[in-house]
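Trainee: Residues per chain, in single letters:
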Amino acid sequence: DGGITQSPKYLFRKEGQNVTLSCEQNLNHDAMYWYRQDPGQGLRLIYYSQIVNDFQKGDIAEGYSVSREKKESFPLTVTSAQKNPTAFYLCASSIEAARTNEKLFFGSGTQLSVL
Amino acid sequence: QKEVEQNSGPLSVPEGAIASLNCTYSDRGSQSFFWYRQYSGKSPELIMSIYSNGDKEDGRFTAQLNKASQYVSLLIRDSQPSDSATYLCAVASLNSGYSTLTFGKGTMLLVSP
Chain X
1 DGGITQSPKY LFRKEGQNVT LSCEQNLNHD AMYWYRQDPG QGLRLIYYSQ
51 IVNDFQKGDI AEGYSVSREK KESFPLTVTS AQKNPTAFYL CASSIEAART
101 NEKLFFGSGT QLSVL
Chain C
116 QKEVEQNSGP LSVPEGAIAS LNCTYSDRGS QSFFWYRQYS GKSPELIMSI
166 YSNGDKEDGR FTAQLNKASQ YVSLLIRDSQ PSDSATYLCA VASLNSGYST
216 LTFGKGTMLL VSP
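For the protein sequence lines, the chains are X and C, in the order given. Using the numbering used here, the letters of the first sequence map in sequence onto residues 1 to 115. Using the numbering used here, the letters of the second sequence map in sequence onto residues 116 to 228.
The hints are simulated quantities; they were obtained by calculation from the structure and are not laboratory data. Take these hints with a grain of salt, some might be off.
Stated by the list, open to error - Computed list of lysine to aspartate or glutamate pairs in EDC-like fashion (alpha-carbon distance at most 20 Å, straight line): (1) C:K117 - X:E24; (2) C:K157 - X:E15; (3) X:K103 - C:E172.
As the list claims (entries may be wrong) - Pulled a few chain X residues facing chain C out of the computed Cβ check, cut under 10 Å: (4) P8; (5) F12; (6) G42; (7) F105; (8) S108.
Even glycine gets a Cβ: it sits at the ideal position worked out from N, Cα and C.
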């Protein structure tokens, strides 16, 4: 089945630690996105990527980093500079990012908590 | 900063009633509009998209768009307890050639049996 796989489902971070959230898709989509969701809040865009080896900052990129070495993979690293990382992280993809009518397909999410 | 506003709710309706969810947006250049349903602890799922002024119907769902008023709404007819969820309004705009979605905070809908 085609889809987006996020792992792990739950992740705990110790203070000062960097952690990486995995996102893999087999939909052959060009565009991939990372969103953060806090309780009772909407989704806020962290980073997005249209093609391999290219990505753009979203609205809340500080304290995060990404890479796009393969079309299928878009991992997100939450660095120690992100002081309030506890949130639900969602990875999404679309066929391409150049058209506004493209639908987003979401992974099942990763809940990150601070120990 | 592009903004999408929704009433946080909860909106409570009895089973079988019509639920009306509203959304306003700030960017007049927005081109596409989406409604996502999100159950607690789950990822959002797309239920409706609308691109031009007017109404768009899909089963029990009707999306309405008024670009002049910068307003989009979702009507759910014959509401069922399984419709109880948070409904996210999302607005797509082009930014330096790339389309990104801005989400509202969502409206929680509670349908009582």
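Trainee: Would you mind marking each hint as holding or not holding in the structure?
Mentor: For each hint, the structure was consulted:
no., hint, verdict
1, C:K117 - X:E24, "29 Å, violated"
2, C:K157 - X:E15, "27 Å, violated"
3, X:K103 - C:E172, "18 Å, holds"
4, P8, "15 Å, violated"
5, F12, "17 Å, violated"
6, G42, "4 Å, holds"
7, F105, "8 Å, holds"
8, S108, "5 Å, holds"
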